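Fit chains B and C to the known structure of chain A by using the hints.
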Amino acid sequence: MSRPPAERAGEELELDPIACTGHGLCAELLPERIVLDDWGYPMIDPPVPASLHEHAVRAVKACPALALRLRRAG
Amino acid sequence: MALWYLTRATGAAALVLLTLTLTLGIADVQRFASARLPRFVIDGWHRTASLLVCVLLVVHIGTSVIDGYAPIRLVDALVPFVGAYRPVWLGLGALALDLMIALVVTSLLRARLGARAWRAVHWLAYACWPVALVHGLGTGSDVRPGWLAWLSLGCTAVVIVAIGVRLADRGATPGVRVGAASALAAGAIALVVWLPSGPMAKGWAAKAGTPSSGGANQTTTARGHR
Amino acid sequence: MSGRLLGGVGPRGPVGLDRHLAVHGPMPEVASELIDEVTRSGLRGRGGAGFPAGIKLAAVAEGRRPVVVVNGTEGEPMSAKDHAMLIRAPHLVLDGAVAAARAVGAREVLLCAPPADHAVVAAALAERGAGSRGRPRVTLVPSAPGYVAGEETAVIAHLEGRAARPRMTPPRPAQEGYRKRPTLMQNVETLAHVGLIARHGASWFRELGTADRPGTTLVTISGAVRGPGVYEVPSGLPLAELARVAGGVTEPPRALLVGGYFGAWVDQDGAGLTLDDGELRRHGAAVGAGVVVVLGSSACPVAETARLAAYMAAESAGQCGPCVHGLGSLAGVLDRFATARTVPGDGERLVRWTEMVRGRGACAHPDGVARMLASATRLFRAELEDHARRGPCARCASASTLVLPAAVHARAAA
Numbered sequence: 001m002s003r004p005p006a007e008r009a010g011e012e013l014e015l016d017p018i019a020c021t022g023h024g025l026c027a028e029l030l031p032e033r034i035v036l037d038d039w040g041y042p043m044i045d046p047p048v049p050a051s052l053h054e055h056a057v058r059a060v061k062a063c064p065a066l067a068l069r070l071r072r073a074g
Numbered sequence: 075m076a077l078w079y080l081t082r083a084t085g086a087a088a089l090v091l092l093t094l095t096l097t098l099g100i101a102d103v104q105r106f107a108s109a110r111l112p113r114f115v116i117d118g119w120h121r122t123a124s125l126l127v128c129v130l131l132v133v134h135i136g137t138s139v140i141d142g143y144a145p146i147r148l149v150d151a152l153v154p155f156v157g158a159y160r161p162v163w164l165g166l167g168a169l170a171l172d173l174m175i176a177l178v179v180t181s182l183l184r185a186r187l188g189a190r191a192w193r194a195v196h197w198l199a200y201a202c203w204p205v206a207l208v209h210g211l212g213t214g215s216d217v218r219p220g221w222l223a224w225l226s227l228g229c230t231a232v233v234i235v236a237i238g239v240r241l242a243d244r245g246a247t248p249g250v251r252v253g254a255a256s257a258l259a260a261g262a263i264a265l266v267v268w269l270p271s272g273p274m275a276k277g278w279a280a281k282a283g284t285p286s287s288g289g290a291n292q293t294t295t296a297r298g299h300r
Numbered sequence: 301m302s303g304r305l306l307g308g309v310g311p312r313g314p315v316g317l318d319r320h321l322a323v324h325g326p327m328p329e330v331a332s333e334l335i336d337e338v339t340r341s342g343l344r345g346r347g348g349a350g351f352p353a354g355i356k357l358a359a360v361a362e363g364r365r366p367v368v369v370v371n372g373t374e375g376e377p378m379s380a381k382d383h384a385m386l387i388r389a390p391h392l393v394l395d396g397a398v399a400a401a402r403a404v405g406a407r408e409v410l411l412c413a414p415p416a417d418h419a420v421v422a423a424a425l426a427e428r429g430a431g432s433r434g435r436p437r438v439t440l441v442p443s444a445p446g447y448v449a450g451e452e453t454a455v456i457a458h459l460e461g462r463a464a465r466p467r468m469t470p471p472r473p474a475q476e477g478y479r480k481r482p483t484l485m486q487n488v489e490t491l492a493h494v495g496l497i498a499r500h501g502a503s504w505f506r507e508l509g510t511a512d513r514p515g516t517t518l519v520t521i522s523g524a525v526r527g528p529g530v531y532e533v534p535s536g537l538p539l540a541e542l543a544r545v546a547g548g549v550t551e552p553p554r555a556l557l558v559g560g561y562f563g564a565w566v567d568q569d570g571a572g573l574t575l576d577d578g579e580l581r582r583h584g585a586a587v588g589a590g591v592v593v594v595l596g597s598s599a600c601p602v603a604e605t606a607r608l609a610a611y612m613a614a615e616s617a618g619q620c621g622p623c624v625h626g627l628g629s630l631a632g633v634l635d636r637f638a639t640a641r642t643v644p645g646d647g648e649r650l651v652r653w654t655e656m657v658r659g660r661g662a663c664a665h666p667d668g669v670a671r672m673l674a675s676a677t678r679l680f681r682a683e684l685e686d687h688a689r690r691g692p693c694a695r696c697a698s699a700s701t702l703v704l705p706a707a708v709h710a711r712a713a714a
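So the protein sequences, as listed, match chains A, B and C.
Be aware that the first sequence starts at 1, since it is given in the numbering used here, and climbs by one per residue.
Be aware that the second sequence starts at 75, since it is given in the numbering used here, and climbs by one per residue.
Be aware that the third sequence starts at 301, since it is given in the numbering used here, and climbs by one per residue.
Hints listed in this document are in silico derivations from the structure and should not be mistaken for laboratory results.
Note that the coordinates shown come from a computational prediction; the quantities given were computed from them, not determined experimentally.
We treat Cβ as the ideally placed atom computed from N, Cα and C, and that holds for glycine.
Heads up, a few of these hints could be off.
Taking lysine to any residue pairs in the SDA-like style, the calculated list, with each CA pair at most 25 Å apart, reads [to be verified]:
hint, chain 1, residue 1, chain 2, residue 2
1, A, Lys61, B, Leu77
2, A, Lys61, B, Ala185
3, A, Lys61, C, Gly659
4, A, Lys61, A, Gly40
5, A, Lys61, B, Tyr143
6, A, Lys61, A, Glu11
7, A, Lys61, B, Leu183
8, A, Lys61, B, Asp102
9, A, Lys61, C, Met468
10, A, Lys61, B, Val139
11, C, Lys480, C, Glu362
12, C, Lys480, B, Pro112
13, C, Lys480, C, Ala349
14, A, Lys61, A, Met43
Covered stretches of chain B, going by a simulated chain A footprint (3 or more residues, C-beta under 8 Å) [claimed, not checked]:
hint, region
15, 167 to 174
16, 226 to 233
Derived DEER-like restraints, expressed as beta-carbon distance ranges [to be verified]:
hint, chain 1, residue 1, chain 2, residue 2, range
17, B, Val129, C, Arg641, 55 to 61 Å
18, B, Ile234, A, Val57, 33 to 39 Å
19, A, Val35, B, His196, 27 to 33 Å
20, C, Glu541, A, Thr21, 19 to 25 Å
21, B, Phe155, C, Arg437, 54 to 60 Å
22, B, Ile234, C, Gly645, 42 to 48 Å
23, C, Ser332, A, Pro46, 33 to 39 Å
24, B, Ile175, A, Glu54, 25 to 31 Å
25, C, Pro328, B, Arg186, 48 to 54 Å
For reference, chain A alone in the conformation it holds in the complex (with noise of 0.2 Å):
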């Protein structure tokens, strides 16, 4: 499908946090990377590791506010 994941460069979860409205399906999606906080609002940890990357895709597209992205890290 793509190159092999140790080529692939290092990516970061951003959070939109004024088009978060806490829905929670990025928390459910990649709990290793995201915990909901006391008030249902996801707290991100932003390095992805190649081996959670098809994961954190699904996490995005999952959104329904479109609040989160996956970009490139640096």
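Same frame as chain A, now just chains B and C:
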């Protein structure tokens, strides 16, 4: 004849799946979740159900065009109200299809459109379902014997409950809630009043605009009388 | 000492153009070389963030059709320095704004300030003669009320006709700001310093202050002092000196609130700290907008902090969940402490939630509240525990030291 049965069967199945899609969509926006059914599962089912509707529609439309019994062309499926066969009721099907296309395409391109534009188009889902329902009741020749009528009634009951749940949510503005509640009530009453004198009554096929030549595959756009 | 920014300021009224030129001297011709001079001077923004002004100027100068915005919004209730500069020394602010505009190549200056300040500034503009060839056009715009209305991107939203609420950055205003143009947004006081640097140079500017924060700073001192008001002091002044500058304390102080409502509580003797970010940051504080409130012993730090937390929660722009809900929850916990209605786990909640809201918003509002509450939890620990056990103390009923205006602006619908 097999094609005609397939058309009716896939049409009915599409209505059931469209009802499921709408119900799951409301569960989605109401943030329904349980221990066994996380949000992303409900959301995923909603998207899958809508795509299944599309698959069923391909067969539904394909068989109705290919089948020579009723004069339906491919363009009649996409452009509302130009057909020879029951132009109004078939046209509603074309309208429902156009709405489905808008809903599905905008959803596939959601990331590019942005949340606001996508949501504005997605409101059309509430128009798509009743249009599809009335299309089924108006074009289907099975309504009088009852199975399609009962199926339609069942789906309508489910949709009324689902929309009711949505309206009961205090998050919606009062104007929207009152408006939608009245529309629901009016729609339900109209359906109950219309069904017995419309599709359920004798002579509906002629009234609905079935061409007098019956099954000949004509291409003239003879306007059927209602 | 008041020889720099407040030079020539009399007991009342603004410094007129003639007196202004007599005190400070004429303004030299200004071009892009001013950017280097400001960079060498080490001037840091005086609006609260302390960002190096030279870097901002250089960034904006690279863009097309830049615009200068003078930020006089001053949403911080305990700060009066921007207001003071505008109505007492408007010509120095205008000198700096025009000089900055010339340096970055901007033809337009928007001066955003409360309507009450407009008359004096308009008169000063008239004195200078509007429409002189080559001058950038200066337009007065009324600022929006509310605590976060002074945030850079909130000011831009307001100037563009939308609600004064912050937006996500990047892009920063210097790259893409007012109507997507490169925007030099600087605090009133920062530009006044630029007006002096243009005349006297970077070395002169660095004669006072510290290496990290050169020059003088306007501070608004209030609370339990004899002469509350706006004073000009050299950066790096020990905090313990500030009360003396304002005429001495009226009663033994309990604590100082340094920076503003988004600053930090510091021990009453200043904890040996100075008005310089280097040390203050290590203690979880910052110079911020130069606000210093002296909390006297007759006030109750728990009541004041609880009221302040409620105010800051109400002043949230309402756009980001963790800010709206987090600050509200924190205000609730503090209220429970103040009134002895805590439930088990509230102490742990106070600490956990304070950390949980940091960095979770589109702007630094929740971060500021977290900073203030972290310092309060540390400094007022004994009083907090006492209130949790026994409820309001005798001092809870004293008049509030902190001025907390009612929230007047519209918030985003939930």
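Going down the list of hints, with the structure as the test:
no., hint, result
1, A:Lys61 x B:Leu77, "violated (39 Å)"
2, A:Lys61 x B:Ala185, "holds (8 Å)"
3, A:Lys61 x C:Gly659, "holds (24 Å)"
4, A:Lys61 x A:Gly40, "holds (19 Å)"
5, A:Lys61 x B:Tyr143, "violated (45 Å)"
6, A:Lys61 x A:Glu11, "holds (16 Å)"
7, A:Lys61 x B:Leu183, "holds (11 Å)"
8, A:Lys61 x B:Asp102, "holds (15 Å)"
9, A:Lys61 x C:Met468, "holds (21 Å)"
10, A:Lys61 x B:Val139, "violated (36 Å)"
11, C:Lys480 x C:Glu362, "holds (14 Å)"
12, C:Lys480 x B:Pro112, "violated (41 Å)"
13, C:Lys480 x C:Ala349, "holds (22 Å)"
14, A:Lys61 x A:Met43, "holds (18 Å)"
15, 167 to 174, "violated (count 0)"
16, 226 to 233, "violated (count 0)"
17, B:Val129 x C:Arg641: 55 to 61 Å, "holds (59 Å)"
18, B:Ile234 x A:Val57: 33 to 39 Å, "holds (38 Å)"
19, A:Val35 x B:His196: 27 to 33 Å, "holds (29 Å)"
20, C:Glu541 x A:Thr21: 19 to 25 Å, "violated (49 Å)"
21, B:Phe155 x C:Arg437: 54 to 60 Å, "holds (59 Å)"
22, B:Ile234 x C:Gly645: 42 to 48 Å, "holds (44 Å)"
23, C:Ser332 x A:Pro46: 33 to 39 Å, "holds (38 Å)"
24, B:Ile175 x A:Glu54: 25 to 31 Å, "holds (29 Å)"
25, C:Pro328 x B:Arg186: 48 to 54 Å, "holds (52 Å)"
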